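Using the sequences plus the hints, can you model the full thing?
Now for the letters of each chain:
Protein chains: 2
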Amino acid sequence: MKQRILDCTLRDGGLVNRFRFSDEFVRALYKANLEAGIDYMEFGYKSSEDQFDRESFGKWKFCREEDIRDIVGDHHTPMKISVMADVGRTDYRKDIIDRKDSVIDMIRIATYGNTIDEALEMTEYCAEKGYETSVNIMAISNNTREELSDILDKLGRSPADAIYLVDSYGSFYPEQIRSLAAFYVEKTAGTGKQIGIHAHNNQQLAFANTIEAVNSGISLIDVTVNGMGRGAGNCSTEQLLGYFREREEELPILEFIEKYMLPLKKDGVVWGYDIPYLLTGQGRRHPSSAIQFMQEKKTAYSKLYYSLQMGMKA
Amino acid sequence: MKQRILDCTLRDGGLVNRFRFSDEFVRALYKANLEAGIDYMEFGYKSSEDQFDRESFGKWKFCREEDIRDIVGDHHTPMKISVMADVGRTDYRKDIIDRKDSVIDMIRIATYGNTIDEALEMTEYCAEKGYETSVNIMAISNNTREELSDILDKLGRSPADAIYLVDSYGSFYPEQIRSLAAFYVEKTAGTGKQIGIHAHNNQQLAFANTIEAVNSGISLIDVTVNGMGRGAGNCSTEQLLGYFREREEELPILEFIEKYMLPLKKDGVVWGYDIPYLLTGQGRRHPSSAIQFMQEKKTAYSKLYYSLQMGMKA
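Protein chains in written order, with the numbering used here: chain P, 54 to 367; chain F, 54 to 367.
Don't read these hints as lab results, they were simulated from the structure.
Bear in mind the structure is a predicted one, so any value in this text is a computation, not a measurement.
Keep in mind that a hint or two might mislead.
[To be verified] Straight-line C-alpha distance at most 27 Å; calculated DSS-like pairs for lysine-lysine:
no., chain 1, residue 1, chain 2, residue 2
1, F, K356, P, K84
2, P, K356, F, K318
3, P, K350, P, K319
4, P, K84, F, K351
5, F, K182, P, K356
6, F, K84, P, K356
7, F, K356, P, K351
8, F, K84, P, K319
This is the structure we're talking about:
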């Protein structure tokens with residue numbers, strides 16, 4: 054299947070700064086992605102405004118139609134627009150309108166293995182509304198191969214256009230990613246589903262795992278500019294473009310980093326590989342304890358290591 | 054062959070701080086490596102004191118016998134001691150004494166492809182003196198497969214105990230490392246040579262490339278604590294130990310990082326992945342221009358990108 058790149062800087066990066074990006078930042082990112090030949094740009098989450106206070110977050114946690122249109126105008130471009138909708142955190146029957154009236158092209162539905170039936174319901178709803186859909190199964194290091202097999206069978210029969218292999222904890226090694234990627238591809242063979250990869254950089258393996266997945270038949274590829282994303286962040290756009298695109302396409306991304314990402318970092322927004330994330334990745338644990346450890350500016354790595362083994366607070 | 058881990062923190066890390074480590078740092082590293090079950094600890098270079106001013110560098114650029122003994126005392130431990138000797142920069146006939154009188158176990162000879170004959174002369178000399186030897190062929194991205202084949206043939210007939218696959222520019226992708234590793238192993242089959250891997254982190258692939266090399270039959274593995282090394286640094290000890298050793302062995306390394314590496318960083322010693330190294334890695338270029346760019350605190354990544362393409366100064 055044709056390889057497609059999806060930029061989720063605002064969505065995964067938004068987890069770092071509560072989605073508070075300036076309009077100028079978002080416009081410049083849109084322009085840089087267009088120039089770099091990115092296939093999809095994800096603007097953020099479609100979160101329930103009943104469940105989450107609009108004042109406590111930037112607008113990209115909610116991705117109202119009018120907010121996206123403010124950035125993209127008529128949007129006569131080849132780049133498609135996606136948003137993510139978490140199972141249980143989206144008023145999808147209210148907030149996801151007919152695609153013909155929407156600026157959004159694709160809804161990505163994020164779910165854990167045990168909420169797959171709700172995810173399927175959302176997928177059917179969104180597909181009926183006319184959207185491309187993907188289902189992103191999170192935290193699969195907690196699922197057995199048998200559970201995963203059942204989930205993929207269900208998704209194979211669903212209207213989802215794409216299914217994502219997600220390394221939520223940044224815990225997988227390349228050989229595991231190759232094996233999982235081959236499993237996703239094989240299980241969905243003949244269904245026409247595109248398989249995607251969303252990697253995290255806890256063990257500095259996001260880029261390696263992404264290209265190994267691509268070489269194992271995965272063709273929908275998540276990246277973020279400068280790797281911006283929760284905790285250790287993601288596979289970076291500039292790494293991937295250097296690997297398999299014409300080198301020229303990397304330039305607008307480099308210029309964006311210089312002009313927009315460096316000021317963000319200077320203002321104290323922090324992400325990227327560090328020892329605490331390595332430890333949660335090695336322990337197959339959610340990065341939340343590492344994120345807290347970093348926020349509290351702790352450095353007692355050995356204590357964090359023990360606490361992860363014992364299930365205690367660092 | 055039995056997997057062996059070689060710590061070269063002082064040697065590759067010494068390139069970052071001109072080998073100016075405190076004795077306390079070196080003693081603590083020695084202790085941490087012992088506790089972590091590291092097989093070899095490299096103390097630095099055996100550089101010519103005629104060519105290099107002893108006052109301009111810390112003592113680990115020269116690795117005098119008495120300086121190592123000051124740290125290790127009687128050294129009745131299972132961990133072996135290595136030093137690196139660069140072709141053309143070592144007075145080996147003067148400075149490398151009989152092994153029976155030396156605290157050193159292994160001499161690692163670093164060479165470019167075009168100085169392989171000098172490297173072989175040094176290898177024979179050191180082997181006759183009783184040392185274990187390795188030959189580390191640098192910058193092989195500049196060599197054709199045929200040239201590499203000839204070099205490996207020569208090394209297969211030499212007394213070298215080990216031969217290193219070195220990714221000097223951090224430019225190789227995992228699939229290239231797998232192919233090269235298989236080539237090194239196959240070319241030296243039956244000679245009893247151990248094959249080693251020395252990776253650099255320019256594209257955040259040092260760890261991934263190291264474990265891919267190991268899974269392709271390479272068994273002598275270079276690491277540095279916290280990845281300390283020139284430019285983007287190396288595969289880190291803590292990453293590797295998490296991957297394939299008992300988890301307990303990671304603890305002394307984590308404690309060393311907290312107590313000794315963090316203060317070093319706080320004092321302004323800088324290494325680790327950043328965009329400029331990615332660009333030299335993608336361009337298969339020596340990291341020197343990236344190092345200078347970083348030292349001058351420049352951020353015009355697009356200019357560096359152009360300059361690398363044009364062979365100009367950034």
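Going down the list of hints, with the structure as the test:
1. K356/F <-> K84/P: holds (20 Å)
2. K356/P <-> K318/F: Satisfied, since the Cα-Cα distance of roughly 21 Å is no more than 27 Å.
3. K350/P <-> K319/P: holds (17 Å)
4. K84/P <-> K351/F: holds (24 Å)
5. K182/F <-> K356/P: Distance of about 46 Å is beyond 27 Å: violated.
6. K84/F <-> K356/P: holds (20 Å)
7. K356/F <-> K351/P: Violated, at roughly 37 Å.
8. K84/F <-> K319/P: violated (38 Å)
In this structure, the earlier hints numbered 5, 7 and 8 are contradicted, and the remaining ones agree with it.
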